Amino acid sequence: MTQIEEHISISGKWPLSAYTWKVEKFLDRFTEGLHNKKIFGAKCSNCGTVFVPPVVICARCHSRMRLEKDQDWVWVSDMGTVIAYSISYLAVADGLRTRDPEKRPLFILVRLDGTDTAIFAELIEAPDEKIRVGMRVKVAWQEVPKGDLGDILFFEPS
Amino acid sequence: MRNLAIVGIGLTKHVSKRRDVNIPELVYEAVKAALDDAGIHPKDLDALVTGNMPAFEGINCPELWGGGYWGGYRKPLIRITTGGSTGASVAQGAFYLVASGLYDIVLAVAFEKQSDGNTTIGLNTTALADVANMTAYGLSGPEIEASGAIGLFVYQATSYMAKSGCTIEHIDRAAAMLRNNAAKNPYAHLQQAGVTAADIAKTPMISYPLRFGHTCPTSDGACAMVLATEEKARKLSRKPVWVNGWAACSEEPAIVGLFGAGSINVDPAEQRSCKLAATKAYAMAGIKEPWKEIDLAEPYVPFAYQLFIYFERLLLCDEGNAPRLFDKGVMELDGNLPTCPSGAVVSSNAIGAAAMIRIAECALQIKGEAGQRQVTKDVHNAVAHGLGGQANLNVVTVLSDMPSRR
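Taken in order, these protein sequences are the chains called S and F. Just so we're on the same page, the working numbering is the position in the first sequence counted from 1, plus 6. Just so we're on the same page, the working numbering is the position in the second sequence counted from 1, plus 499.
Worth flagging that the hints you see were computed from the coordinates, not collected in a lab. Given the structure is predicted, the values throughout are model-derived calculations rather than measurements. Where hints are given, some of them may not hold.
Which bits of chain S does chain F cover? Going by a derived footprint, with three or more residues having C-beta under 8 Å, they are [said to hold, decoys possible]: (1) 12-18; (2) 88-95; (3) 117-123; (4) 128-141.
For lysine-lysine, the following BS3-like pairs were computed, each having C-alpha atoms within a straight-line distance of at most 25 Å [said to hold, decoys possible]: (5) F:K738 with F:K866; (6) F:K787 with F:K876; (7) S:K19 with F:K516; (8) F:K876 with F:K738; (9) F:K662 with S:K144; (10) F:K531 with F:K866; (11) S:K109 with S:K144; (12) S:K109 with F:K701; (13) S:K136 with F:K662; (14) S:K136 with F:K701; (15) S:K44 with S:K152.
Don't be surprised by glycine CBs; every beta carbon is placed ideally from N, CA and C.
Excised from the complex, chain F in its bound form:
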């Protein structure tokens, strides 16, 4: 297996509706930025990996009508789609292609243009899968219609709160911290500088315990990254960011879905698959004590309480302890283990792109190129996380300023 690094990063500014571009044009912006960052042309690419959630835009085979816009002319290409974790899965697909020795320079592309589609209808065929069809079998399911994606995650939230001592005030404060981080991120969708926990607490309750202020927006956005072997990376970049470990695991917890019992891990707050993926990714990266060795974390947080649960399930502290560490300021930009300096998915959610942006953010922070949101401490090792499906697929990536294998 070969060392590999991120040598180019491209992001688009996230907004609720990019009316001035269509999907391929939006994706082109991120692709061009990533290629320019790496100083290469599509002719230098050996292969591409791409992904989004076609069910959300309602148009399948995006490589068919968009491949040319992302530089895929006469190149090997793979498409990967895994729900909210799509972007991280796409990136991991590219890691495998480079690490395996198959290709030297690979472009990873992830995107979602939610304003062109209908995510609620798309969710009926993905997150709710069997349940939507079962309405014809007596399962009238008020729960299905209740409140979209938030209707799935509230169950994780109440279970987590019962176990951890996390309160709704913690969630208000987490949302406020993340929204303020987002206000320092020029790519983030929601720009609410100075918003306070008291402001968040005034937003309407959607499904207890989650308020409007705790939830993510729907965004249009794209992210692309250029991955290269060690040899190529050292030529292309003055500061390559090394991808030292990665893993993904699905436990099918079936928050909603009579026939989704899967491997019967029925508590949505257990998230054993995240712990398993993190354990494997850290081991691959040679990290033995993540709570000491990891300098920065970008968990996938579309709902503010997930700042806590995934901090724990990424093995950065004992289970149930994250709210207390948050109270001590550990997760702030100037904290001991800054978490979601990007402002998190709760501030920008272009679904297919969102999990790749977690990786891109870690890379920017390691490079010291995160602008106003650059964290105070030096970042040597960072962990990025993606969450897909019904919180069943966890995708973990460990990045570093040094390759772990020499």
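Chain S on its own, in the form it takes in the complex:
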């Protein structure tokens, strides 16, 4: 009897697109704001924490935001500070929506002024060596924002 050295591998199929994720129902209002180059946040009326994008329950004090009645909506600045960053050296995967495919993409974690959360973006119009923690940046709005999350995907030095 011959020794089997390698097990037989059988491929399976598992379509991930069959799964969905529900977003907060207030996201439409948030993206509508983006369409007008405005960024909405939710400010907790109990502890003052500001979330961008808005959330329904404040994770810090567990209060429910009063987003239905407008009370806890606030406008926040489109300027912010870099908390952390990365320079991607890899030839990145297909479908990459970087502005300049010739250049290594710079990614930043940015805290918008007046908020307590960080959002994730690509830094454009900046050379590699300029990027640093604490750098001031602002949203690079498109002329006509589309009204989706992609509108705040790009920042530039301010």
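Fit chain F to the supplied structure of chain S, relying on the hints for placement.
Below, chain F alone, put in the same frame as chain S:
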């Protein structure tokens, strides 16, 4: 609450592809080794705790098709899955079962066979959670596709470096030390004896500041441990390793993820949850000054810079001071506080097993059974760490050669 100890340890040699075994057979190897080490048969077990990241292999309910291979026939069983920290969470599940008085002898089993699955697809449903789905909502997210797990941790790295004075040369040297430790560990995946910081520095940059040489491989591997009450432990083992303190804490820092703001601790290098878990675990173990009382540390280090950040967040020195202590040789095998003598996760990463192996390594070092990588100093107290999710879940365990409660 009762004292408990580790009385059996089983590890498999880690490699990138174990083609000769399937998942249950791989896990069986670690289980059998742990049972043999404890000198028991599955019939002696009162319960099992098991875990891996089913999303990475793409097959759920592993106890369904594997439980028999790990001795679960007619036994109470719990499965725990927490990302990279899975193995430590599984172990802590077993600690609770024994300490609470529910069961006397419990087997903890953790594993991952990455070569049978697709970790990148799995990560889309775990570490990147909401973000992957949000691509349908305008978030085209080059950042998502950029570079897998390393794409998450680079942000922790740049933030930490800005705060601590850690340089990329420090990271090169940390990687070299860890890879040399791994070369002395027969269970470790990467075997690169004699690799130098200069060699590491020549490896290609993936995402600044992390080079290829700073990152973990994908591995197939398993780890199992037998936990027992004090009474049973003293009968089963000549040198039981006491589990004196443990805690886990999640702060949801959301490195990537628009809706992961969580408790708004947005700086991935803050790691308050690690400090909180460490504080609680040390207090439970009766350790007041960890920087003096801890003899050895096994932080969870899938990327070399984390040797420094988690040394600090495990309260073993002041924040920002770890690179300087490393420069003085403190973390070497013959150092004052040897750190990651195993070679760390950066040298072997079977994800579900990796955090349990940190605990197992501390136990082997306390027993003096770590072979070539045995540290020079006597190890009385050691701290093991696991990191899960998007660096949001920290799991800390304090082990000792003496029970803290008598």
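Against the structure, the hints:
1. 12-18: holds (count 4)
2. 88-95: holds (count 7)
3. 117-123: n = 3 at 8 Å, threshold three: holds.
4. 128-141: holds (count 5)
5. F:K738 with F:K866: holds, 6 Å
6. F:K787 with F:K876: holds, 21 Å
7. S:K19 with F:K516: holds, 21 Å
8. F:K876 with F:K738: Measuring from Cα to Cα gives roughly 18 Å; hence the hint holds.
9. F:K662 with S:K144: holds, 23 Å
10. F:K531 with F:K866: holds, 20 Å
11. S:K109 with S:K144: Holds - the C-alpha atoms of K144 of chain S and K109 of chain S are around 20 Å apart, at most 25 Å.
12. S:K109 with F:K701: holds, 22 Å
13. S:K136 with F:K662: Holds, because 18 Å separates the two Cα atoms, which is no more than 25 Å.
14. S:K136 with F:K701: With Cα atoms ~24 Å apart, K136 of chain S and K701 of chain F stay inside 25 Å; holds.
15. S:K44 with S:K152: holds, 12 Å
Comparing the model with each numbered hint stated earlier shows that all of them hold.
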